[in-house]
Amino acid sequence: MDNYEQLLDKAVEELPETVAGGDRFNLEKVKGHIEGNKTVIINLKKIAKDIGRDENHLLKYLLRELATPGKIIGERVIFGTKVAASAINKKIKKYVSEFVYCSECGKPDTKLVEEREINYLRCLACGAKKPVKTVL
Numbered sequence: 508m509d510n511y512e513q514l515l516d517k518a519v520e521e522l523p524e525t526v527a528g529g530d531r532f533n534l535e536k537v538k539g540h541i542e543g544n545k546t547v548i549i550n551l552k553k554i555a556k557d558i559g560r561d562e563n564h565l566l567k568y569l570l571r572e573l574a575t576p577g578k579i580i581g582e583r584v585i586f587g588t589k590v591a592a593s594a595i596n597k598k599i600k601k602y603v604s605e606f607v608y609c610s611e612c613g614k615p616d617t618k619l620v621e622e623r624e625i626n627y628l629r630c631l632a633c634g635a636k637k638p639v640k641t642v643l
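In the numbering used here, each residue's number is its place in the sequence shown (first place is 1) plus 507.
Treat the hints with care, as some may be off.
Stated by the list, open to error - Derived pair list, reagent style DMTMM-like, types lysine to aspartate or glutamate, alpha-carbon separation capped at 20 angstroms: (1) Lys637 to Asp561; (2) Lys597 to Glu562; (3) Lys636 to Glu621; (4) Lys640 to Glu572.
Claimed, not checked - Cβ pair distances, simulated, as ranges: (5) Glu611 to Glu582: 50 to 58 angstroms; (6) Arg629 to Pro576: 27 to 35 angstroms; (7) Ser610 to Gly581: 33 to 41 angstroms; (8) Leu619 to Lys578: 17 to 25 angstroms; (9) Lys567 to Leu522: 44 to 52 angstroms; (10) Thr588 to His564: 16 to 24 angstroms; (11) Glu611 to His540: 36 to 44 angstroms; (12) Glu562 to Leu631: 33 to 41 angstroms.
Source of the hints: derived by calculation from the structure; they are not laboratory data.
For every residue, glycine included, the Cβ atom is placed at its ideal position computed from N, Cα and C.
Build the full structure now, drawing on both the sequences and the hints.
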């Protein structure tokens with residue numbers, strides 16, 4: 508038994524320190540500026556890539572939720588009105604809760620699939636499948 512205790516102590520000593528910021532899924536804040544009466548966002552494509560969703564799907568959702576026109580031009584997204592960054596970030600968080608996080612296990616390991624004209628959020632971690640609303 509003493510040998511077991513020694514091996515256990517050695518194993519505990521060799522464990523790595525806990526990693527700072529233990530969440531592996533970090534949602535980046537939008538970066539941009541206001542030009543006249545338009546809002547220019549420069550990192551929406553990166554945010555869409557980070558959450559594993561199509562940038563056009565995310566943009567359509569934001570345009571509908573913020574009730575503003577907008578389009579992708581190159582690497583930038585231009586909204587037709589002045590929109591506060593905090594409002595955009597709040598809508599992106601809402602998007603992530605609806606279209607990224609699994610409602611069963613809460614993990615972000617999901618993908619959007621379409622079956623018989625209905626969109627589903629399929630979890631790759633637990634296998635859950637739930638219908639989600641279509642973004643027009």
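Right, here's what the structure says about each hint:
no.	hint	in the structure
1	Lys637 to Asp561	holds, 19 angstroms
2	Lys597 to Glu562	holds, 17 angstroms
3	Lys636 to Glu621	holds, 11 angstroms
4	Lys640 to Glu572	holds, 13 angstroms
5	Glu611 to Glu582: 50 to 58 angstroms	violated, 35 angstroms
6	Arg629 to Pro576: 27 to 35 angstroms	holds, 32 angstroms
7	Ser610 to Gly581: 33 to 41 angstroms	holds, 35 angstroms
8	Leu619 to Lys578: 17 to 25 angstroms	holds, 22 angstroms
9	Lys567 to Leu522: 44 to 52 angstroms	holds, 46 angstroms
10	Thr588 to His564: 16 to 24 angstroms	holds, 21 angstroms
11	Glu611 to His540: 36 to 44 angstroms	holds, 39 angstroms
12	Glu562 to Leu631: 33 to 41 angstroms	violated, 21 angstroms
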